[in-house]
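Sequences and hints are given; from them, build the entire structure.
Protein chains: 2
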Amino acid sequence: MFSGKPQGKRPSHRTILLLLLLQTRPSKQRTTTFRFLNRCLRNRTIPMASSIFTHCHYSSSPSSLAFRLHRHPFHVPPTCLRFSFLHSSPASSHVDPLAAMVTESSAKVIDGKAVAKQIRDEITAEVSKMREAIGVIPGLAVILVGDRKDSATYVRNKKKACESVGINSLEANLPEDSTEEEVLNYISGYNEDPSVHGILVQLPLPSHMNEQNILNAVRIEKDVDGFHPLNIGRLAMRGREPLFVPCTPKGCIELLHRYSVSIKGKRAVVIGRSNIVGMPAALLLQREDATVSVVHSRTSNPEEMTRQADIIIAAVGQANMVKGSWIKPGAVIIDVGINPVEDASSPRGYKLVGDVCYEEAMKVASAVTPVPGGVGPMTIAMLLQNTLISAKRMHNFE
Amino acid sequence: MFSGKPQGKRPSHRTILLLLLLQTRPSKQRTTTFRFLNRCLRNRTIPMASSIFTHCHYSSSPSSLAFRLHRHPFHVPPTCLRFSFLHSSPASSHVDPLAAMVTESSAKVIDGKAVAKQIRDEITAEVSKMREAIGVIPGLAVILVGDRKDSATYVRNKKKACESVGINSLEANLPEDSTEEEVLNYISGYNEDPSVHGILVQLPLPSHMNEQNILNAVRIEKDVDGFHPLNIGRLAMRGREPLFVPCTPKGCIELLHRYSVSIKGKRAVVIGRSNIVGMPAALLLQREDATVSVVHSRTSNPEEMTRQADIIIAAVGQANMVKGSWIKPGAVIIDVGINPVEDASSPRGYKLVGDVCYEEAMKVASAVTPVPGGVGPMTIAMLLQNTLISAKRMHNFE
Numbered sequence: 091m092f093s094g095k096p097q098g099k100r101p102s103h104r105t106i107l108l109l110l111l112l113q114t115r116p117s118k119q120r121t122t123t124f125r126f127l128n129r130c131l132r133n134r135t136i137p138m139a140s141s142i143f144t145h146c147h148y149s150s151s152p153s154s155l156a157f158r159l160h161r162h163p164f165h166v167p168p169t170c171l172r173f174s175f176l177h178s179s180p181a182s183s184h185v186d187p188l189a190a191m192v193t194e195s196s197a198k199v200i201d202g203k204a205v206a207k208q209i210r211d212e213i214t215a216e217v218s219k220m221r222e223a224i225g226v227i228p229g230l231a232v233i234l235v236g237d238r239k240d241s242a243t244y245v246r247n248k249k250k251a252c253e254s255v256g257i258n259s260l261e262a263n264l265p266e267d268s269t270e271e272e273v274l275n276y277i278s279g280y281n282e283d284p285s286v287h288g289i290l291v292q293l294p295l296p297s298h299m300n301e302q303n304i305l306n307a308v309r310i311e312k313d314v315d316g317f318h319p320l321n322i323g324r325l326a327m328r329g330r331e332p333l334f335v336p337c338t339p340k341g342c343i344e345l346l347h348r349y350s351v352s353i354k355g356k357r358a359v360v361i362g363r364s365n366i367v368g369m370p371a372a373l374l375l376q377r378e379d380a381t382v383s384v385v386h387s388r389t390s391n392p393e394e395m396t397r398q399a400d401i402i403i404a405a406v407g408q409a410n411m412v413k414g415s416w417i418k419p420g421a422v423i424i425d426v427g428i429n430p431v432e433d434a435s436s437p438r439g440y441k442l443v444g445d446v447c448y449e450e451a452m453k454v455a456s457a458v459t460p461v462p463g464g465v466g467p468m469t470i471a472m473l474l475q476n477t478l479i480s481a482k483r484m485h486n487f488e
Numbered sequence: 091m092f093s094g095k096p097q098g099k100r101p102s103h104r105t106i107l108l109l110l111l112l113q114t115r116p117s118k119q120r121t122t123t124f125r126f127l128n129r130c131l132r133n134r135t136i137p138m139a140s141s142i143f144t145h146c147h148y149s150s151s152p153s154s155l156a157f158r159l160h161r162h163p164f165h166v167p168p169t170c171l172r173f174s175f176l177h178s179s180p181a182s183s184h185v186d187p188l189a190a191m192v193t194e195s196s197a198k199v200i201d202g203k204a205v206a207k208q209i210r211d212e213i214t215a216e217v218s219k220m221r222e223a224i225g226v227i228p229g230l231a232v233i234l235v236g237d238r239k240d241s242a243t244y245v246r247n248k249k250k251a252c253e254s255v256g257i258n259s260l261e262a263n264l265p266e267d268s269t270e271e272e273v274l275n276y277i278s279g280y281n282e283d284p285s286v287h288g289i290l291v292q293l294p295l296p297s298h299m300n301e302q303n304i305l306n307a308v309r310i311e312k313d314v315d316g317f318h319p320l321n322i323g324r325l326a327m328r329g330r331e332p333l334f335v336p337c338t339p340k341g342c343i344e345l346l347h348r349y350s351v352s353i354k355g356k357r358a359v360v361i362g363r364s365n366i367v368g369m370p371a372a373l374l375l376q377r378e379d380a381t382v383s384v385v386h387s388r389t390s391n392p393e394e395m396t397r398q399a400d401i402i403i404a405a406v407g408q409a410n411m412v413k414g415s416w417i418k419p420g421a422v423i424i425d426v427g428i429n430p431v432e433d434a435s436s437p438r439g440y441k442l443v444g445d446v447c448y449e450e451a452m453k454v455a456s457a458v459t460p461v462p463g464g465v466g467p468m469t470i471a472m473l474l475q476n477t478l479i480s481a482k483r484m485h486n487f488e
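Line by line, the protein sequences give chains U and B. With the first sequence counted from 1, adding 90 to any position gets you this note's numbering. With the second sequence counted from 1, adding 90 to any position gets you this note's numbering.
You may find that some hints are simply not true.
Pairs count within a copy or across copies, as identical chains cannot be separated in the list.
[Unchecked claim] Mimicking SDA-like on lysine to any residue, the simulated pairs with C-alpha atoms at most 20 Å apart in a straight line are:
| id | residue 1 | residue 2 |
| --- | --- | --- |
| 1 | K354 | S387 |
| 2 | K354 | E394 |
| 3 | K354 | S390 |
| 4 | K413 | N306 |
| 5 | K250 | I227 |
| 6 | K354 | R388 |
| 7 | K239 | P437 |
| 8 | K453 | G407 |
| 9 | K250 | D379 |
| 10 | K249 | V226 |
| 11 | K354 | S364 |
| 12 | K354 | N391 |
| 13 | K354 | E393 |
| 14 | K219 | S285 |
| 15 | K354 | H386 |
| 16 | K354 | N128 |
| 17 | K198 | L295 |
| 18 | K354 | E344 |
| 19 | K482 | R238 |
| 20 | K354 | L442 |
| 21 | K441 | E393 |
| 22 | K250 | D211 |
| 23 | K453 | E393 |
Because the hints were derived from the structure by calculation, they are not lab data.
Here is the structure:
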């Protein structure tokens, strides 16, 4: 039996059955049959077999079938099959799997680095405007406990970013073996300090500390990470406004906005349900009137689910988990994953890849964030933005 | 053209195409063809037309096609088509639309009234145990502002329910024109009163009052409604525990548990995203490892989405919105809607119906909650449970 999987994409049931039906038609009549069938499918009506099979005809040569599958299986103007997320509709989306077979589009790259730069420039302008107007400089305090190399790098980058936009950055480096109380003391100090508008505790904390106690100690008005349950609750509730939106999911949505991807009424699938990314991302998409499904480790059919999405936010931390076959043609993909994989050709011996197989995604999707250079730079930009928002709010500065 | 809609159920694309393909086979060979095609579909492989259409044959008589659609379109033992949510799997679920056509099963009725009674009995036992052990009686305070008939009825029912299980009920009836401050005074009074373990503000409040200010004034330890953003935030976050779970969604999940409906890994669709039911219900289902999608007014294809669900929670407040064609055969349906519709035969001139068309659901689903007598009685039972939980927590009573 011949297995029809062009470029690793698996045809949908509808496609398989449609192709088989079309096989029963003489090639000249396939275009009209295809359109006729699509009309029936849209109206959900069952035509009389007689109205289609005026006479039957099929190919008995596998090679010729294979050939017709890889090229245009029948003559239909590609335009009527090609799919764009900007004009998606239930009807048109039905045609996607076929579109996947007959189009070879290459997706747009969503340049997070460029957008983040743009946002930092905007923040720089606002910070100096604020300083000149009321003499206030936004301040961000970062607490780092222990000596994890990656954490140290993140903190250093945040510090650099603050300086680049004119935000004051304070830093507390505590030893690995410090007590919860010592950390809490620093937090209450920053809670009281009027020059501090944002407090950030670098995670993960040493295992002997209670992360909840420590995060809950941060004054909600200074919780620029937006991880406080009260913030999350307000994010989930209609008619409520969170003080801060968590930086990474906020960055994902900002990318969609800056690339004018319409969210309202679109099918969105969030892969992963972490408190830091997946869950708040789903809440944000829902606030923007997307129809949201959350796919996670217990989901029985993640591929089938994900293939329905116009917008995919992948945040699971599994290298290249989302293949081309998971993606609906024309979908927009925000890849939050940053996974190191072995790479002999690289001096470091490894390279960073996302949760989505980039090469395959580029063939099926309409827009994709690269890794690195996609969501990564946005996270820090959003942290700066939250710090600015906090300073403005505390000083009633518009 | 004949439109194949047995009992208002609309066939899926897969069904339409499958039936058409089967029409091309002599009736004797349809069972084998059907199984063969299903195998291909499961494996997502495209068979050679030649391997199916050894020769073509179809009916040219509309009446005979119609006949075969309404009865068994081809001879397959019904057992291999019948579907049960207890053994659902991606593979078996593919067969549903056909099962919908060839089986005439009647769903199990989920008796919320009986379950609520059972829970009230359990609470009664615990309340008296607590009273005997530490002499504490749980107390619920209800604040009613204005003279809405429906609100008055709800409050009266809650009062009755409290008495029935031995919980003290306090009540404050304020006039329609009372000020926000007066309401806030009552709340702070109850906040301080050690004999009050739960405070409930009956909604809706008069339009001149700020609902948020008033609800936020209730001490979170006594927020038995569970509507406080901090509670909702904890509900949304993994590894966090809310103090209280909102009563109606809690009741929905409790019904699933008491009828031992497995939730983990199942597809769940929540219709409606209100702060009071839809949103927290979705969060609860996700906490139980369901794969959750939220359908709302902006969803472009609510029917298609809902038809994928193993578990449906409908909470939109639209009479009979969910038709049989929206339901996957074997799905479990929790209907939160309570909608009055004209009914000449009833002395009151109207009757109450849910968001789901009960008669149609009973033909397709495996279990359905009736309206009334489904979720309704559970809501009050959960309110009593939350009040008991609160009293136990405040007095460290296990």
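Structure-based check of all given hints:
no., hint, in the structure
1, K354 to S387, "between (27 Å within a copy, 11 Å between copies)"
2, K354 to E394, "between (22 Å within a copy, 18 Å between copies)"
3, K354 to S390, "between (27 Å within a copy, 10 Å between copies)"
4, K413 to N306, "neither (39 Å within a copy, 46 Å between copies)"
5, K250 to I227, "within (16 Å within a copy, 59 Å between copies)"
6, K354 to R388, "between (27 Å within a copy, 7 Å between copies)"
7, K239 to P437, "within (19 Å within a copy, 76 Å between copies)"
8, K453 to G407, "neither (22 Å within a copy, 43 Å between copies)"
9, K250 to D379, "neither (36 Å within a copy, 40 Å between copies)"
10, K249 to V226, "within (19 Å within a copy, 55 Å between copies)"
11, K354 to S364, "between (23 Å within a copy, 17 Å between copies)"
12, K354 to N391, "between (25 Å within a copy, 13 Å between copies)"
13, K354 to E393, "between (23 Å within a copy, 18 Å between copies)"
14, K219 to S285, "within (17 Å within a copy, 55 Å between copies)"
15, K354 to H386, "between (23 Å within a copy, 11 Å between copies)"
16, K354 to N128, "neither (26 Å within a copy, 36 Å between copies)"
17, K198 to L295, "neither (38 Å within a copy, 50 Å between copies)"
18, K354 to E344, "within (14 Å within a copy, 33 Å between copies)"
19, K482 to R238, "neither (33 Å within a copy, 43 Å between copies)"
20, K354 to L442, "neither (32 Å within a copy, 33 Å between copies)"
21, K441 to E393, "neither (25 Å within a copy, 44 Å between copies)"
22, K250 to D211, "within (14 Å within a copy, 63 Å between copies)"
23, K453 to E393, "within (17 Å within a copy, 30 Å between copies)"
Checked against the numbered hints given earlier, this structure breaks hints 4, 8, 9, 16, 17, 19, 20 and 21; the rest are met.
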